[in-house]
Amino acid sequence: NNLVPGTTTRPLFVGEKNGGTVGPYGIGEFVTKRNGRIEPFVRSAVPIACGAQHTAWQISISETQRQAIYADPKWRGGRYDPHDPPNAGLSVARQGAMGSYRTP
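Everything in the sequence shown is counted per the numbering used here, starting at 303 for the first residue and increasing by one.
Quick caveat, the hints were computed from the structure, so don't treat them as lab data.
Please note that the accuracy of each hint is not assured.
Okay, the calculated beta carbon distance ranges per label pair [claimed, not checked]: (1) E331 x R378: 26 to 32 Å; (2) Q360 x L392: 18 to 24 Å; (3) D386 x H356: 30 to 36 Å; (4) Q360 x T334: 21 to 27 Å.
Within a straight-line C-alpha distance of at most 20 Å, the following computed SDA-like cross-link-like pairs (lysine to any residue) qualify [stated by the list, open to error]: (5) K376 x S393; (6) K376 x Q397; (7) K376 x E365; (8) K376 x V394; (9) K376 x T366; (10) K376 x A390; (11) K376 x N389; (12) K376 x P387; (13) K376 x L392; (14) K376 x D386.
Cβ coordinates follow ideal geometry from the N, Cα and C atoms, glycine included.
Using the sequences and the hints given, assemble the complete structure.
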């Protein structure tokens, strides 16, 4: 069966995508988008080892990391020079990440 009526697109089976962080969240986009549009083309997907949603704690950590990058003057609203990127902000964001991924 075709999932997209009027096309010859056949379903693609995705066996699994796993990981303990946000990697498996990408499977949601992969199974629902094609050519940048919402167009189902995957018959089934099995995300493994990922939460159903982010917790408030995870959202706050991610936002803190983004703010570290935004605070770097080289960020320039996302229009930074690729030859001179906002490395200081990225470094602080990564430091925060390392602290949040570890337990005593």
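Taking the hints in turn, this is what the structure says about them:
1. Judged by the Cβ atoms, the range 26 to 32 Å given for E331 and R378 holds: they are separated by roughly 28 Å.
2. For Q360 and L392, the hinted distance range of 18 to 24 Å is satisfied, since their beta carbons lie about 19 Å from each other.
3. Take D386 and H356: their Cβ atoms lie about 32 Å apart, and the range 30 to 36 Å holds.
4. At roughly 22 Å, the beta-carbon separation of Q360 and T334 lies within the given 21 to 27 Å, and the hint holds.
5. A hinted pair counts as satisfied when its Cα atoms are at most 20 Å apart, and K376 with S393 qualifies at roughly 13 Å.
6. Distance hint between K376 and Q397 is fulfilled; the C-alpha atoms sit about 18 Å from each other, no more than 20 Å.
7. For the given pair, K376 sits about 18 Å from E365 by alpha-carbon distance, which is consistent with the 20 Å threshold.
8. The hinted pair formed by K376 and V394 meets the criterion: a straight-line CA distance of about 14 Å does not exceed 20 Å.
9. Distance restraint check for K376 and T366: the Cα-Cα separation of roughly 18 Å lies within the 20 Å cut-off, and the hinted pair is therefore satisfied.
10. Of the pairs offered as hints, the one joining K376 and A390 holds, with about 9 Å between alpha carbons and a cut-off of 20 Å not exceeded.
11. For the suggested pair K376 and N389, the alpha carbons sit about 8 Å apart, so the restraint of at most 20 Å is met.
12. A distance of roughly 6 Å separates the Cα atoms of K376 and P387; the hinted pair therefore holds under the 20 Å criterion.
13. In summary, the hint linking K376 to L392 is supported, as the alpha carbons are separated by about 11 Å, within the 20 Å threshold.
14. Using a Cα cut-off of 20 Å, the hinted pair K376 and D386 holds, with the two alpha carbons roughly 7 Å apart.
Every hint, counting from the list given before, is met by this structure.
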